[in-house]
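**Q** The task is simple: from the sequences and hints, build the whole structure.
The listed protein sequences derive, respectively, from chains Z and A.
If you're matching positions, the first sequence starts at 1 in my numbering and goes up one per residue.
If you're matching positions, the second sequence starts at 1 in my numbering and goes up one per residue.
Hints may contain errors.
Any copy will do: because identical chains look the same in the list, a pair fits if it lies in one copy or spans two.
With a straight-line Cα cutoff of 30 Å, these simulated DSS-like cross-link-like pairs (lysine-lysine) come out [to be verified]:
#1 K222 <-> K22
#2 K167 <-> K2
#3 K40 <-> K277
#4 K201 <-> K135
#5 K254 <-> K236
#6 K199 <-> K104
#7 K104 <-> K258
#8 K167 <-> K22
#9 K199 <-> K135
#10 K236 <-> K201
#11 K276 <-> K254
#12 K222 <-> K276
#13 K266 <-> K236
#14 K277 <-> K199
FYI, nobody ran anything at the bench for these hints, they're computed from the structure.
Protein chains: 2
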Amino acid sequence: MKNAVIIGLGLIGGSLAKSLRKSSSFEHFIGVDNSATHAKRALELGLVDEILSLDEAIDKSDFIILAVPVDIAQDMAVDILDIISNQTLIDVGSTKDAILNAVKSHSKRNQFVATHPMAGTEFSGPDAAIDDLFKDMAVILCDSENSDIERVKFVEDMYRSLGSNIKYMLGDEHDVSAAYVSHISHISSFALALTVLNKEKNVENITTLASGGFRSTVRLAKSNQDTWEAIFSQNKDNVLAVMDDYIENIILFKHAIKSGNSEVVKTLIRQANEVKKVL
Amino acid sequence: MKNAVIIGLGLIGGSLAKSLRKSSSFEHFIGVDNSATHAKRALELGLVDEILSLDEAIDKSDFIILAVPVDIAQDMAVDILDIISNQTLIDVGSTKDAILNAVKSHSKRNQFVATHPMAGTEFSGPDAAIDDLFKDMAVILCDSENSDIERVKFVEDMYRSLGSNIKYMLGDEHDVSAAYVSHISHISSFALALTVLNKEKNVENITTLASGGFRSTVRLAKSNQDTWEAIFSQNKDNVLAVMDDYIENIILFKHAIKSGNSEVVKTLIRQANEVKKVL
Numbered sequence: 001m002k003n004a005v006i007i008g009l010g011l012i013g014g015s016l017a018k019s020l021r022k023s024s025s026f027e028h029f030i031g032v033d034n035s036a037t038h039a040k041r042a043l044e045l046g047l048v049d050e051i052l053s054l055d056e057a058i059d060k061s062d063f064i065i066l067a068v069p070v071d072i073a074q075d076m077a078v079d080i081l082d083i084i085s086n087q088t089l090i091d092v093g094s095t096k097d098a099i100l101n102a103v104k105s106h107s108k109r110n111q112f113v114a115t116h117p118m119a120g121t122e123f124s125g126p127d128a129a130i131d132d133l134f135k136d137m138a139v140i141l142c143d144s145e146n147s148d149i150e151r152v153k154f155v156e157d158m159y160r161s162l163g164s165n166i167k168y169m170l171g172d173e174h175d176v177s178a179a180y181v182s183h184i185s186h187i188s189s190f191a192l193a194l195t196v197l198n199k200e201k202n203v204e205n206i207t208t209l210a211s212g213g214f215r216s217t218v219r220l221a222k223s224n225q226d227t228w229e230a231i232f233s234q235n236k237d238n239v240l241a242v243m244d245d246y247i248e249n250i251i252l253f254k255h256a257i258k259s260g261n262s263e264v265v266k267t268l269i270r271q272a273n274e275v276k277k278v279l
Numbered sequence: 001m002k003n004a005v006i007i008g009l010g011l012i013g014g015s016l017a018k019s020l021r022k023s024s025s026f027e028h029f030i031g032v033d034n035s036a037t038h039a040k041r042a043l044e045l046g047l048v049d050e051i052l053s054l055d056e057a058i059d060k061s062d063f064i065i066l067a068v069p070v071d072i073a074q075d076m077a078v079d080i081l082d083i084i085s086n087q088t089l090i091d092v093g094s095t096k097d098a099i100l101n102a103v104k105s106h107s108k109r110n111q112f113v114a115t116h117p118m119a120g121t122e123f124s125g126p127d128a129a130i131d132d133l134f135k136d137m138a139v140i141l142c143d144s145e146n147s148d149i150e151r152v153k154f155v156e157d158m159y160r161s162l163g164s165n166i167k168y169m170l171g172d173e174h175d176v177s178a179a180y181v182s183h184i185s186h187i188s189s190f191a192l193a194l195t196v197l198n199k200e201k202n203v204e205n206i207t208t209l210a211s212g213g214f215r216s217t218v219r220l221a222k223s224n225q226d227t228w229e230a231i232f233s234q235n236k237d238n239v240l241a242v243m244d245d246y247i248e249n250i251i252l253f254k255h256a257i258k259s260g261n262s263e264v265v266k267t268l269i270r271q272a273n274e275v276k277k278v279l
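**A** Next up, the structure:
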């Protein structure tokens, strides 16, 4: 395993390049990106050693990391499996059911390992690439029993070299949990930003009044539109179900506050406080 | 100004005691707390030098900081103004209109300075007290033209000694902005915790899947029930108005995702991204 190809040089792809360069035995990093600006910048930042077209890169590759938005990844995974010989392909997307279904009956299905590193920031593009993004974070391997056992072991070792903890889930189970534990956080944060920006035309007021609390809850509202639209769309049913639960809880609060029933409000807060036991 | 009295030895009162001990000219810190456990703990932690009853503490005081939940503060402010001679009283609550109305016609109104340090964490009680909580944070002084100018100056200097930036607002204007920039963040976070905890009975899944994003948006859900119920109740009209805006934005997202209209979803995200320009 000498040549690693990274397709998509954004936050996750770029961070993988940056940190694998230190910890892995890959000797050469090849970047592929449909944005010429991103490709150039990734080269300038030293994230990759060269930029090639997809076909050239795959020809030269030993290991391929697909780090593009999930809607594109779903199609590209099949296209790449079609043309590779013995290479291993992994994806790093935030949804898993769609890509796993897309490659399900492929003759080279066992060369594909589906992974989701539970790591990220609100920033995007090559400049968002961070060393150590994956340290102490979980990486979920999905439906890994359908992948070649040696390839799975290689991928596990690769992530462990970055300090990640490996967990295993079924693809559909992953997508339900991710909707609850990750995707709804982004929607709540986007909606919070819209609410405050629509109201507070006086930008100085926001900056002045923004304590750590608001900064923390609104942080994810800076996240990338292409990445997140694709996730919401691919995980639509689960995301809509969580949104309904979430709206219901907001409305429970609203009625409790409106009715002036302080005991109900306190009980809701106490129930929410239980998150202390988990995090 | 020798003896500072701090009523309420929780996150804010305790942190003020801890940091004023370093930066101010107060020589002696007297604590008052209706929880004997909190009082004892504050003494053990060295936040205050002695614990007294409210009456004893006020007798001995030069300067009084009221750091109790806003519903209690509203009544106590009047009671304290009734019995003080020439001392200065400040509050540090997250709502301002109610307490300012309560003291409005008091003969000693000018001895009261209404302040809101825009600082905090999700923790509570004396053990949550932090050095430097107020450093680089804004402190809003409300309706300060109704307070004695020398006392206002003293309070400003006190907060500046902690590294805070002083801002001025009208009480009612403060409460509208605080609902948007602070109070709704707490509700969105409480509702997020409820949503996830209700669904994910498998606690290990939450811990495993919780990336930095979820941790960040759910952090405030650990906040204290008494503090926050009182704030929502006192700022009810503004909080309900913001909640309606917030629910509307969540529903806009829901419809856009449900209809599969990716351009609308991306536009909403792009509008939310504007928060980058503010924070």
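**Q** Each of the hints needs a verdict: does it hold here or not?
**A** Hints, one by one, checked against the model:
1. Only within a single protomer do K222 and K22 lie at most 30 Å apart by alpha-carbon distance; the minimum there is 29 Å, versus 38 Å between protomers.
2. In the homo-oligomer, the alpha carbons of K167 and K2 lie at most 30 Å apart inside one protomer (26 Å), although the nearest pairing across protomers, at 59 Å, exceeds that limit.
3. When the C-alpha separation of K40 and K277 is checked against a cutoff of 30 Å, the pair qualifies only between copies, where the shortest distance is 26 Å, while the shortest distance within a copy is 46 Å.
4. Taking the closest pair of Cα atoms, K201 and K135 come within 30 Å of each other only across two copies (27 Å); inside a single copy the shortest separation is 40 Å, beyond that limit.
5. Taking the shortest Cα distances, K254 and K236 sit within 30 Å of each other both inside one copy (26 Å) and across copies (10 Å).
6. Within a single copy, K199 and K104 get their C-alpha atoms only as close as 48 Å, which misses the 30 Å cut-off; across copies the closest is 29 Å, which meets it.
7. With identical chains, the CA atoms of K104 and K258 are at most 30 Å apart between copies only, with a shortest distance of 26 Å across copies and 51 Å within one.
8. Proximity of K167 and K22 under a CA criterion of 30 Å is satisfied intra-copy only: 23 Å inside one chain copy versus 47 Å between copies.
9. In this homomeric assembly, K199 and K135 come within 30 Å of each other (Cα to Cα) only across copies, at 28 Å, whereas the closest approach inside a single copy is 39 Å.
10. Proximity of K236 and K201 under a CA criterion of 30 Å is satisfied inter-copy only: 22 Å between copies versus 32 Å inside one chain copy.
11. Both within a single protomer and between protomers do K276 and K254 lie at most 30 Å apart by alpha-carbon distance, with minima of 23 Å and 29 Å respectively.
12. Proximity of K222 to K276 under the C-alpha cut-off of 30 Å is found in both arrangements, the shortest distances being 26 Å within a copy and 6 Å between copies.
13. For a Cα distance limit of 30 Å, the shortest separation of K266 from K236 across copies, 15 Å, qualifies, whereas the shortest one inside one copy, 33 Å, does not.
14. In the homo-oligomer, the alpha carbons of K277 and K199 lie at most 30 Å apart only across protomers (15 Å), although the nearest pairing inside one protomer, at 35 Å, exceeds that limit.
Figure legend: structure checked against the earlier numbered hints; every hint is met.
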